[in-house]
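Make the full structure from the sequences, and use the hints.
Residues per chain are reported as follows:
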Amino acid sequence: MGSFRFLMKDNYKPIIVQSDGSILLEVMSEAYEDARDAILPFSELVKSPEYVHTYRITPLSIWNAAATGMTCDEVVARLERFSRYDIPRGVILRINEAFSRWGSVRLLRADQSNIIVEVRDEHILEEIMSNRKLVPIVKDVMSARRFVIPSDARGRFKHLLIKVGYPADDLVGYDDGEPLDFRLRRKALSGEAFGLRQYQKEAVENFWANGSPRGGQGIVVLPCGSGKTMVGMGVMEKLKTCTLILCTSVAAVRQWISELVDKTNLTDDKIGEYTGPKKEIKPVTITTYQILTYRKSRRGNFEHMNLMRARNWGLIIYDEVHVLPAPVFRATIEIQAKRRLGLTATLIREDGLEEDTFSLIGPKCYDVPWKELEQKGFIAEAVCYEMRIPLPRHMEGKYRAASDRIQFRIASENPYKDMLVRQIVRRHRGESILIIGQYIDQLKRLSSMLDVPLITGSTNESRRDMLYRAFRQGDIPVLVVSKVANFAIDLPDASVAIQVSGTFGSRQEEAQRLGRILRPKKKVSTFYTLVTSESPEENFAHKRQVFLAEQGYRYMIRELSYADLDS
Amino acid sequence: MRISTAELINSLPPYMLELMSSRIMGEKTDAETLTRALGDAKMLGRVLAGLSPEDRAVLEDLRDLGGQVAWHVVMGIYSDRLDEIKERLERLGNLGLVFQGGLTGRDPLILLPTVEPILESHCKNILARDMDWAEREGYCISEHVLMINVIQSRKIRCRPGMEPFKKGWAILEETLGSLMDVERVYKELVRLGCLEEKEGRIVVNSGRSMALAMDGDIHYRLWRFFESLKHIPGLDSRIYTLISDGAISLDRLKRVLFLNMKRFSPDMPNAEDTAGTLVDLWTGLGILQVDASGKWVRFSPDVYSALSTGNIEVSYSYYSEDVIVQPNMEVLVPMEFDPLDHLNLGEVADLKKADVVNIYRLTKASILRSLIKGWIPEKIQQFLERISKHEVADNVLQTIKGWAKSLKEAHIIKGTFLVFPGGKDNVPRGLEEILPGIYQVPEKCEINVISFLNKKGVMVNSPGTRAEVDEHINWGRALPLKTDIEEEDKVPRLDGVYPYGMLIPLPYGPKRIEVFREAIKQGKGLIIFYPKMGYGEIQMKRINPVYVYIRSGVPFLEAFCEDTGEGEVFDINKIRAIFKQD
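Protein chains in written order, with this note's numbering: chain A, 1 to 567; chain B, 1 to 582.
The set of hints was computed from the structure by calculation and includes no laboratory data. Only a predicted model underlies this, so the values are computations on that prediction, with no experimental measurement involved. Built from N, CA and C at the ideal position, the CB exists for glycine as well. Any given hint might turn out to be false.
To be verified - Take a look, some chain B residues computed to stay more than 10 Å from chain A by CB distance:
hint, residue
1, G67
2, S153
3, M162
4, Q326
5, P327
Said to hold, decoys possible - Pulled a few chain A residues facing chain B out of the computed Cβ check, cut under 8 Å:
hint, residue
6, S19
7, L24
8, P88
9, V119
10, H123
11, I424
12, V425
13, E534
14, F540
15, H542
16, V546
Below is the structure:
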């Protein structure tokens, strides 16, 4: 191969724009950071393996950019500046088209009960008037470009409008809500100095947007462990209003409560927990999506959904907004006058409801990739190891004769895994270690072998809480948990995870689970997957490998032989 | 063979020589003197300089048509302004620059041969090396390599005649449609023999595909060049001679193409557009390079070298080294990647998306496929490490090793016995086990058994699965390109050659008689061209017409002949032409 480099002059340019609108960004390039900062406002990070990250330009990402005041020319100029090759014409046309749609429908306040909708072109009004779902919302047509809708239809209108390809520029403004004295402490109750980091402050400011109607709704995208909760508290301090916080689990509710107590002036009497066991409604109330969407029968009412209107909330925070369930979306349609903050590590939804997130919660208002935070030392590195081990020779015959399902089980419960777990635990002595598995028998065996506690789905809540607390405090260094248990909890201090068995779930499930397990700490986190060689486990492990590599984790594979294991 | 000026002058009838020399030189001379005068470059240069650009353009057209051109071609080229062109030709004929064979007025035109080099020197003295030439970007067979790689990894069924079914086209369109004209590339691959039909499936001929990738880029470009001109025999040589190692203006090249297309087929519609399309195609393919001003073109050096010497020089300088093997098993490949390595990559990885940068993925199935084709894990590892811009992640190499290890092997002997000690689970149902681990393969079921086992991750060694032996592509046209094959329009010499416009061919029917009645009325003398009795040889006679009469339906002219000094009767139907006198 020759030494001449094709397009040498452009080689420093780190991005490649594909014709489907995806952007490949070369990480090793000197211009990487500049290019990333340039494209991030109008694209979504899809995957970030070691060498080339993939971003995606979509109408939503363009509207997100347009919402911040960016223009089409600016987007194209940024792409051209960093693009190694010519930008495909189709991509430019699509960007143009998306920009031309932004701002073509604006919502303005008329009076308390009405909203004026202003459209850029007459044909948009015609399109709206010919849509059988939108037309009933229209109360009065004022001119060829203006009409009136009732205030309570604000969410529904925006939701339907985006389905026909028009994002609404919502400038109606918000209800201020019930005031609340809310301040962040400079020193946490735990004694640690506390203050928002620079990127957290930026996220808060972007959401606030100087108090203009453009702010007050939006999504902050930050990686796991980077302090999204802190951003939420920063926004609460800015607004000083009663706040409803929606989380994914009871454990997350409790964590919010402990963080609020630790880092703000709020006292216990101001913070309410609205979960299965407790139903408190206080100036700051924290609940779960599950309780909001609970109903006795499939056709019954969502009994707890009234919580959204139970108080004059001035702010609603949606934690992990990418898993927001559909009924909560529906409820959110009705509360568009409330300020809404979404917090997430990814905007990608398995159910493809990104549009709903955009129209009902708000556009992305802040995004920073985790690699940048890692480089700046805010979060620590995470490494994944796949340990491949053979099946003991005496089990081979039984394994070959078994059906696929049984083969998977035999491979999962490979006795060599027990030896390996012991070695890994020994190697990471002093660290908090989590052992995760699918089969209870195997987990019981490990628990008794290592003499450490086991948490399964059947462990009662008080014991669970006690064990988590002890684990967090470092009193219990090793905890064995079943898959069911580990998905439902948040374990902030685990720095080592060993997955001894289990299948690969959905991308979101894995992201959630592994994201929490690998929640970056101040030192390197390690994730081990133990896999029996030449078994169906390898297929699941491969999917996990690809997923983790795409998340940017370093992934190593170690093949152990009989000799290694015997020694 | 081209006619020389001397031959041309010698073809003039003696009486014409007199007339012409006195008109051009002011006195009657012999053929040799006239030849010398018409070969005087200085004199011709002065004459040419005095021409209007339009008249000169006509001369240039004649030159680009090879110096002589059939009359019906002239009519085809100038169909929209025939009268104007006739006037121009007449002017040029009077200057002794353009001739016409025969007396019918429909015979070929001939350009005075000595004019050609003078015209040429005025427009060609351009040295290609003095200009800035745009470097060619990318290579042309990347599309073909991509399609081969898609077909390698997907099962595409086809009808007899290698026409893929609708689903097959859909697969190709979906994967490659945004980048290329899928149908054209597919058909080209079929014609080049890189794709074949096997048991109703399109399969890749490895040998020919390798040949395409190895020296294919330049070969392919030349092939496209010849293919684009194959409907006009000899035009490729003509273009090659015309441009040679120099440069030519883009406009002239288009005009030459237009003229030659019209020469081959005077009724060809849209010849002008077709000429433009051809030039665009050649510049797009890198056959031609365009200079910085965008007005001049030349043959790309590698193309010219191949055309003139027949040596195909494979250049590596265009190939990009920016291949990235990602830890998530993706391989990102730019379009300008070395086609041979690109083809090899298609054996070990599946093409997922063809785009500005192509995205491949290493999968268990692709690794299995490569092992069947004779790769070994170490070779795959070395290959990936060699092509990758960065270090290949450990997990990628380990995963490939793991997949390779999990692969089971089976053998088919003589298409009848399957030797597979790997357990009955993976053996197709219905196969009879004649000895432990040896199964009988039913007749004509070998392919199905192999396909079944491949799906189960079993590599089957059988004579049918071995790679094809080295095969070469038949690129068609032989190189170097010979320049001496030129088809000229035949010039009938029977009636001699005349300066264009000095003769007036007589119209048929009553109009012919009218010419003579008019001359009688005006009392004008005429010079007529009339066949000698018995021989058919044309002779020129100076006559004074006296009387026109018709006997038995045949018109006759009674006239006084100045050459013989006697009265003579001429059969008007036999008079071939009259000389145009001022």
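Checked hints:
At roughly 45 Å, the least C-beta separation between B:G67 and chain A is larger than 10 Å, which holds for a residue marked as non-interface. At the 10 Å boundary, the C-beta of B:S153 stays outside the reach of chain A, the nearest C-beta of that chain being 18 Å off. No Cβ of chain A comes within 10 Å of the Cβ of B:M162; the nearest lies about 29 Å off, and the non-interface call holds. Listed as outside the interface, B:Q326 is inconsistent with that label: its C-beta sits roughly 4 Å from the nearest C-beta of chain A, within the 10 Å cut-off.
With 10 Å as the threshold on Cβ separation, the claim that B:P327 sits away from chain A is violated: the shortest Cβ distance comes to roughly 4 Å. Interface restraint check for A:S19: the shortest CB-CB distance to chain B comes to about 5 Å, inside 8 Å, so the restraint holds. About 6 Å separates the beta-carbon of A:L24 from the nearest beta-carbon of chain B, less than 8 Å, and the hint is met. Interface hint at A:P88: satisfied, since its Cβ lies 7 Å from the closest Cβ of chain B, which is below the 8 Å cut-off.
For A:V119, the interface hint is violated, since its Cβ never comes within 8 Å of a Cβ in chain B; the closest pair sits about 34 Å apart. A hinted interface residue such as A:H123 counts as satisfied when its beta carbon comes closer than 8 Å to some beta carbon of chain B; here the least separation is about 30 Å, so the hint is violated. Evaluation of the A:I424 hint against chain B yields a violated restraint, the C-beta minimum of about 18 Å exceeding 8 Å. Taking 8 Å as the C-beta cut-off, the interface hint given for A:V425 is violated, the closest approach to chain B being about 23 Å.
At a threshold of 8 Å, the smallest CB-CB gap from A:E534 to chain B is about 5 Å, leaving the interface hint in force. Residue-level restraint check for A:F540 is violated (minimum Cβ-Cβ distance to chain B is 13 Å; threshold 8 Å). With a cut of 8 Å, the hint placing A:H542 at the interface with chain B holds, because the nearest CB-to-CB distance is about 6 Å. About 5 Å separates the beta-carbon of A:V546 from the nearest beta-carbon of chain B, less than 8 Å, and the hint is met.
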